[in-house]
Amino acid sequence: MRWSTLFIPTLRDTPGDAEAVSHQLLVRAGYIRQLHAGHYSLLPLGLRSHTKVANIVRQEMDAIGAQEFVHPAMHPASLWQQSGRWETMGQEMFRLVDRKGADLALGMTHEEVFTLLSKELGSYKQLPQMWYQVQTKFRDEPRPKAGLLRVREFDMKDSYSFDIDDAGLDLSFQKHHDAYVRIFARLGLPAFPVVASSGAMGGGSSLEFMVPSPAGEDDVAMCPNCDYRANVERATSALPDVAPKDGPDELERFATPGIVTIAALAKFEGGAGAIHQIKTLVMVLDGTVTLVCLRGDHQLNLQKLQDATGAIDIRPAEEAETVAALGAKPGSLGAVNVSHLRVIADEALRGRYHMTTGANEDGWHWRGVSVDRDLHVAQWTDLREVTKGEPCINCGAKLDIAKCIEVGHIFKLGTKYSDALGASVLDADGVLKPLIMGCYGIGIGRNLAAVIESHHDEKGMVLPVTIAPYEAVITVVKVDDAESMRIAESLYDELRSEGIDVLLDDRDERPGVKFADAELVGIPFRITLGPKGLANGMAEFTPRETRQSADVAVGEVGRYTIELVHEGRRLGR
RNA sequence: CGGGUUGUGGCUCAGCUUGGUAGAGCGCUGCGUUCGGGACGCAGAGGUCGGGAGUUCAAAUCUCCCCAACCCGACCA
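Per numbering that gives the first Met the number 0, the first sequence starts with residue 0, numbered consecutively.
Hint data in this document are derived by calculation from the structure and do not stem from the laboratory.
Ideal Cβ placement from N, Cα and C applies to all residues, glycine included.
There could be a bad hint or two in this list.
[Stated by the list, open to error] Calculated lysine-lysine pairs in the DSBU-like style (CA-CA distance at most 30 angstroms, straight line):
1) K387 / K266
2) K387 / K244
3) K387 / K402
4) K118 / K136
5) K118 / K432
6) K174 / K415
7) K458 / K402
8) K432 / K124
[Stated by the list, open to error] Label-pair ranges, simulated between beta-carbon atoms:
9) G429 / L570: 46 to 54 angstroms
10) D426 / R94: 32 to 40 angstroms
11) F253 / D399: 37 to 45 angstroms
12) E249 / E18: 51 to 59 angstroms
Please construct the entire structure, taking both the sequences and the accompanying hints into account.
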């Protein structure tokens, strides 16, 4: 294509409302424009890259034997009611009513739809099956942000596996895992898998693929020494044993006027250090007031609480609810001898004694608390959030916490959806068995953004050949020089005939403008044709990544470019 | 949904405190000069000042209501 005829609205200034680098560059380079919050138009360049990302995903899915579908984006409510997610998805699902008054939903994922179709499977002999689509999802995100990283309407590759047994699921899961590794390699993304919470998808284990980036929304605990990596929603660490504090063995109430924080109690005469305190949080789980206990210096991870309890709606109690439940305000709360409320406690409190906690009367605390003796713990679980510097659970090295972008997520679902929708097949013994399912997602636009987050410099995007909208650009320095244009056209034809996505920058602009634009939009290779070089039979070849120009003979620059493009296309293969 | 910020031409912003003819840079159009890293001169086009109501002789500016976007938190590919 000729640049002079394309719509590539590059911007010299960074748009004021863009914070993330990928967002700034996508807008500046003329890849996207916002329609409203969380909804973006893909412009020609953006669409080309987006399509290339999707096609890489398709190729790797096809390579593991998956089959492509396209399902409707709009679904009947009844389907979601069958799985129970009409209720559990809550506010995040876009819902509408048609002229007949029927409830409809815009699909935020397609477990139900694929599972419905899987009912046409009748025999174990037809398994395994792996089905996928690249389709638009709608999610009423509470807060769209960072350009393409978090939006309300986006294309996702979602795939689903159907197996007769767990061993089959393990294999399908592993195939997806390996396919994802290849996909991210071809995108040039430094992605790695971490154990994750499965959230609203339900089911068993799940792995997230993460790419470190300051624009990321997930915190991942990473061991610098071994390969331990986990989302903080799941991460644990090895905690050193805490020697019990000196103090009474029996419960002893003491006055703590005005002391309403852990920190204040730690400094208070007769108080206790944070690690000797029990922090008592009053939470409302699906409408039920519940006490959550942690060590004083530990933070609750809400996702862990949600995973441990299965609650859908979790919020801190209002002060009035707290007073009604315990008779005291936050700052003097404790679970000692509380039996009318469910008490959930973090593992780090197990067996602890000589502890200090609130006495459920404003201005009073207990010391001499023995967790086993004085707290009626209904559920022990891991609730605390791992923090930087804690010892790795595997090797003891100090953990780092890194911000990451979640670029893919693979789940073992089990039979949640096949049970709900009655999808089953006969096994070899003629017994009806529910399909064992897995589901696997990759957001296309988010991956594009993630690539930009990890491949850019001060001049703009530095896209890998695999997904750059154009692989090479021929920049004509002086378009009114007949010889320059003749050579450019000839080179352009040569590259096109070899299947290279090549752009001919034939705009009557100053060279600086053309160089800057080519760098901003991130085209991997630039061939510059100017009268001076051509007089010596030379073209100039500039890889975007290094920006180091080299002279190449005009007669050879086409071949040279083709070879480098081919090499670039092989990235990760 | 809670907290914060911002809405002025295609983009970046000034003007608002102290009400009085709507501005700059970039971009765009024309002409000329220039021509290998975002040129220069001259002449132009382009704005319901987010929307509505109110106060006032007079509102971008003051008041109220609404809307939208962005950022920080709770959610996810």
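Does K458 pair with K402 here, judged by a C-alpha cut-off of 30 angstroms? Since the Cα atoms of K458 and K402 sit roughly 24 angstroms apart, the hinted pair holds (cutoff 30 angstroms).
Need the status of pair K387, K266: alpha-carbon distance at most 30 angstroms? holds, 24 angstroms
C-beta pair G429, L570: status relative to the range 46 to 54 angstroms that was hinted: Given a distance of about 49 angstroms, which is inside 46 to 54 angstroms, the answer is holds.
Does K124 sit within 30 angstroms of K432, going by the straight-line distance between their CA atoms? Holds - the C-alpha atoms of K124 and K432 are around 13 angstroms apart, at most 30 angstroms.
For the pair we were handed, K387 and K244, check the Cα-Cα distance against 30 angstroms. The given pair, whose Cα atoms are some 25 angstroms apart, holds under the 30 angstroms limit.
So if I understand the rule, the pair passes when the alpha-carbon distance is 30 angstroms or less; does K174 with K415 pass? Given pair K174, K415 holds - Cα atoms ~21 angstroms apart, limit 30 angstroms.
Are the Cα positions of K118 and K432 separated by 30 angstroms at most? holds, 12 angstroms
Is the distance from the Cβ of D426 to the Cβ of R94 consistent with 32 to 40 angstroms? Between D426 and R94, where Cβ atoms are some 38 angstroms apart, the hint holds.
Holds or violated: 51 to 59 angstroms for the Cβ distance of E249 and E18? holds, 56 angstroms
Starting from K387, check that the Cα of K402 is at most 30 angstroms away, please. holds, 12 angstroms
Taking 30 angstroms as the top limit, are the C-alpha atoms of K118 and K136 close enough? Holds, at roughly 23 angstroms.
37 to 45 angstroms as the expected CB spacing between D399 and F253, which holds or is violated: holds, 40 angstroms
When the structure is compared with the earlier hints, no violation turns up for any of them.
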